[in-house]
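Q: Chain order of the listed sequences is A and B. Under this note's numbering, the very last position in the first sequence is 221; numbers go up by exactly one each time. Under this note's numbering, the very last position in the second sequence is 67; numbers go up by exactly one each time.
Derived from the structure by calculation, the hints contain no laboratory data. Careful, some of the hints might be misleading.
As the list claims (entries may be wrong) - Pairwise CB distance ranges (calculated):
#1 A:Ile145 <-> B:Gly63: 25 to 31 Å
#2 A:Met129 <-> B:Arg47: 22 to 28 Å
#3 B:Phe46 <-> A:Gly131: 19 to 25 Å
#4 B:Phe64 <-> A:Gly193: 54 to 60 Å
Claimed, not checked - Calculated Cβ distances over 10 Å to all of chain B for the following chain A residues:
#5 Leu44
#6 Gly88
#7 Arg93
#8 Ala97
What the hints assert, rightly or not - Straight-line C-alpha distance at most 16 Å; calculated EDC-like pairs for lysine to aspartate or glutamate:
#9 B:Lys37 <-> B:Asp18
#10 B:Lys37 <-> A:Asp130
#11 B:Lys22 <-> A:Glu165
Every residue, glycine too, gets a C-beta built ideally from N, C-alpha and C.
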Amino acid sequence: MMVSNMTDENAQTEAAPMSGANLAMRIGIATVGAVFFSGALAGLSGALSQEEQIKPVGYVIIAVFAALTLGSLWFAWVSGRRYYRENGPFTPRGRRATISAGIACVIGMAVGAAMSISSDTPSQSFDLMDGPLPAGIAAGLIAVIVLVLAPITWFWHRNIDEHEEQSYRTGALVALYFYSAAAPIWWLGERGGFLPAADGMALYFATMGVWSVVWFRQRYL
Amino acid sequence: MNNRLRVLRAERQWSQADLALKLDVSRQAVNAIETGKHDPSLPLAFRIARLFQLRIEEIFDDGFQHD
């Protein structure tokens, strides 16, 4: 029997549902928008609150930024709903994996917006983005990672299929190689005097970035 | 690895989502197998073969030529 890699006409004419790449682009735009507009809203509100009398135009600008923030979140919600509708019906396992990833995404957006707001609020005594934090705030954020994100990640791993798992593992392997090269290179460069002091968090984010890009490419492209 | 999955699916007028539902995997996994980007595990290959009531080698071809 002849086995070929696909030439059937009927199979080619199937309407394409929203791709994961398209969804990721939309969620990315929405996240950047929500973080930027909420930060601008916080900064503007802080600046206006120091004036004796706020002009009506100030309220209008605040309302516009608030609407843009909500609009960004609405765009993410609508995109997620469309992806879910067009890529379904999902298996119960697939639904659980998608919902848990969605919850993690919403938490990420909320934390990002909170960091942006704290960074742009003049009256705030600390900056979530950088520098010292009150012990309670730091403990709260650690609790979110340990008690919320870790169980969601475990639950997600229990429900993904083998293709997702392989994509994730490939991403993890490439990210590990990246880290095992980047960390000593930076360390040696620092000691050689031609690189600034090694930044652990920068390495962390770069490693996560490599992991995400490879996973995404394997999974959706 | 070449395979006939897309043809077999089209013969039954199933969408990728329909097949994914029957195999308990995601639509992306079905697409990756159909396009040869992902070789299924042995358990999944058996599930696919049972679903189409064919032998695994009637669906997948590793390119090995018999003398």
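Q: Decide, hint by hint, whether the structure agrees.
A: Against the structure, the hints come out as follows:
1. For the pair Ile145 (chain A) and Gly63 (chain B), the beta carbons lie near 47 Å from each other, so the given range of 25 to 31 Å is not met.
2. A C-beta distance of roughly 48 Å is found between Met129 (chain A) and Arg47 (chain B), which places it outside the suggested range of 22 to 28 Å.
3. Between Phe46 (chain B) and Gly131 (chain A) the beta carbon distance is about 56 Å. The supplied range of 19 to 25 Å is therefore violated.
4. Roughly 57 Å separates the CB atoms of Phe64 (chain B) and Gly193 (chain A), a value that falls within the hinted 54 to 60 Å.
5. Every CB of chain B is more than 10 Å from the CB of Leu44 (chain A) (nearest about 42 Å), matching its label as outside the interface.
6. Residue-level check failed: Gly88 (chain A) sits 6 Å from the nearest beta carbon of chain B, not beyond 10 Å.
7. At roughly 6 Å, the least C-beta separation between Arg93 (chain A) and chain B is not larger than 10 Å, which violates its mark as non-interface.
8. Distance check for Ala97 (chain A) against chain B: the nearest CB is about 8 Å away, which does not clear 10 Å, and the non-interface claim fails.
9. Only pairs whose Cα atoms come within 16 Å are accepted, and Lys37 (chain B) paired with Asp18 (chain B) is rejected, the gap being roughly 20 Å.
10. Under the criterion of a C-alpha separation no larger than 16 Å, the hint pairing Lys37 (chain B) with Asp130 (chain A) is inconsistent with the structure, at around 42 Å.
11. About 19 Å separates the Cα atoms of Lys22 (chain B) and Glu165 (chain A), which puts this hinted pair outside 16 Å; it is violated.
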